[in-house]
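J.: Residues per chain, in single letters:
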Amino acid sequence: MSWTPQEEAAFVARRRKRNLVIGIVLAAFAMLFYGITVSRIAG
Amino acid sequence: MMGTISQLEDSATRTALSGSLSTSEWRDFWALLKPRVMTLVVFTAACGLIVAPGTLSPFLSFVAILCIGVGAGASGAFNQWLEADTDALMKRTASRPLPAGRLAREDALVFAIMLSGASVLTLWLATNWVAAAILAFAIFFYAVVYTIWLKPNTPQNIVIGGAAGAFPPVIGWAAVTGDVTALPLLLFAIIFAWTPPHFWALAMFIRKDYANAQMPMLPLTHGLAETRKQILIYSIVLLAVSVAPFALGLTGALYGLFAALLGVVFLALAIGVARATAEEPADMLAEKRLFKFSILYLFLLFGVLVADAAWMRP
Numbered sequence: 001m002s003w004t005p006q007e008e009a010a011f012v013a014r015r016r017k018r019n020l021v022i023g024i025v026l027a028a029f030a031m032l033f034y035g036i037t038v039s040r041i042a043g
Numbered sequence: 001m002m003g004t005i006s007q008l009e010d011s012a013t014r015t016a017l018s019g020s021l022s023t024s025e026w027r028d029f030w031a032l033l034k035p036r037v038m039t040l041v042v043f044t045a046a047c048g049l050i051v052a053p054g055t056l057s058p059f060l061s062f063v064a065i066l067c068i069g070v071g072a073g074a075s076g077a078f079n080q081w082l083e084a085d086t087d088a089l090m091k092r093t094a095s096r097p098l099p100a101g102r103l104a105r106e107d108a109l110v111f112a113i114m115l116s117g118a119s120v121l122t123l124w125l126a127t128n129w130v131a132a133a134i135l136a137f138a139i140f141f142y143a144v145v146y147t148i149w150l151k152p153n154t155p156q157n158i159v160i161g162g163a164a165g166a167f168p169p170v171i172g173w174a175a176v177t178g179d180v181t182a183l184p185l186l187l188f189a190i191i192f193a194w195t196p197p198h199f200w201a202l203a204m205f206i207r208k209d210y211a212n213a214q215m216p217m218l219p220l221t222h223g224l225a226e227t228r229k230q231i232l233i234y235s236i237v238l239l240a241v242s243v244a245p246f247a248l249g250l251t252g253a254l255y256g257l258f259a260a261l262l263g264v265v266f267l268a269l270a271i272g273v274a275r276a277t278a279e280e281p282a283d284m285l286a287e288k289r290l291f292k293f294s295i296l297y298l299f300l301l302f303g304v305l306v307a308d309a310a311w312m313r314p
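So the sequence lines, in the order shown, correspond to chains A and B.
Anchor point for the first sequence: position 37 equals 37 in my numbering, and the numbering is continuous, going up by one each time.
Anchor point for the second sequence: position 150 equals 150 in my numbering, and the numbering is continuous, going up by one each time.
Keep in mind the hints are simulated off the structure, nothing from the lab.
If you're wondering where the values come from, they're calculated on a predicted model, not measured in any experiment.
Keep in mind that a hint or two might mislead.
[As the list claims (entries may be wrong)] Only pairs whose alpha carbons sit at most 25 angstroms apart, straight line, appear in this in silico SDA-like list of lysine to any residue:
id, chain 1, residue 1, chain 2, residue 2
1, A, K17, B, D107
2, B, K288, B, L232
3, A, K17, B, V110
4, B, K208, B, D85
5, A, K17, B, G101
6, A, K17, B, R102
7, B, K91, B, A189
8, A, K17, B, W30
9, B, K34, A, W3
10, B, K292, B, V110
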C-alpha cells in the first residue's frame, strides 16, 4: 500500500500534533508531582 | 476489473490503518473519556470535597478533583473499549472513535489502563489510601460490574450500575477526611436514586437505539407503562433521600428548603411522565422535560449543598 503525498502530509501533521499533546501532558504530570511533593512536605 | 479490486483493497487497508495509533488524533483519545459525563463527576466530587469537614490545600484539592475526573474518564474509555461493537449499532454512539474506526482498540485499552493506574496512584500520593481505594473500586464497578455484567444482562442495569456514578462525592469527601460518614453516604444515595428516573426517561425516547443494540433496558423488557411507574417510585425515593441530610441535622435549613423544593418539582415532572401515554419518541414531551430537568436538578442540589455548608460554617 502506498499513500498519496496529501495523505502522508496529513499523517505527519496528525502525528506531530499528537506528540505535542503527549509532551505537554508529560510535562504537566512532572509539574503535578513536584507540586504534590512540595504541598505534602509543607503540610 | 483488477484495477477496481486493487483500489478497493487499498481503500480497505487505509481504512484499517486509519484506526492505528499512528494516525489517531488527540481529540479521539479525549472523546474516549466521555467529557460530558466527566463534568457531572467533577462537579459532584468537588461538592463532596468542599462540604467535608477539615482542610486540604487548594493545590491538593485540585489534584484530587483532577484524579477523580481522570478516573471517571478511564472508566469511560474501558466502557467504550468493551462496547465498541454495540456502539456501532446505535445512532447516538456510532460516531465514537472506536466504532467509527478512528482509533485502534488496543490503543484505547492501553489508554484506559494507564489513566486508571495514574489517577488512583496519584490520588493516593496526594491525599490518602481511602479515597484512592474508593476511586479504584468505582472504576472497577463501572467497567466490570456495570458494563460487562449488568448492562447487557438485566433491566436493573442502571439501577445497580448507578452506584458507579454515585461514588464521586464520597471520594471527594474521603480525600479530605480519610473516612466516610453519614453525609457522604447520603450524597451517594441521592445520586443512586436519581440515576434510574434520569436514564429511564432518556431510554424511553431512544429505545429503538437500545433495541438495535439488544440492550435489555426497562422500556424494552417491561414496556413503557411499567417504566413510567418505576420512574415515579424512584422520584418519590429521591425526594425522601434528598431531604434526609437536613432531617438528620447534617445540613442547614437552606439546603433543606431547596432540596424539598427541587424534589417537589422533580416529582411533579415524574407524575407528568406517569400520566403520559405517548408511544412515539417525538411525542414524549413529559419524558424529555424530566430528562432535561434531572441534569439541572443534580447541579442545583449539589450547588445548594455547597452554599449551605459555606453559610453554616463559622
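J.: Run every hint past the structure and note whether it holds.
T.: Each hint, compared with the structure:
| no. | hint | verdict |
| --- | --- | --- |
| 1 | A/K17 with B/D107 | 17 angstroms, holds |
| 2 | B/K288 with B/L232 | 15 angstroms, holds |
| 3 | A/K17 with B/V110 | 20 angstroms, holds |
| 4 | B/K208 with B/D85 | 17 angstroms, holds |
| 5 | A/K17 with B/G101 | 19 angstroms, holds |
| 6 | A/K17 with B/R102 | 16 angstroms, holds |
| 7 | B/K91 with B/A189 | 32 angstroms, violated |
| 8 | A/K17 with B/W30 | 14 angstroms, holds |
| 9 | B/K34 with A/W3 | 32 angstroms, violated |
| 10 | B/K292 with B/V110 | 35 angstroms, violated |
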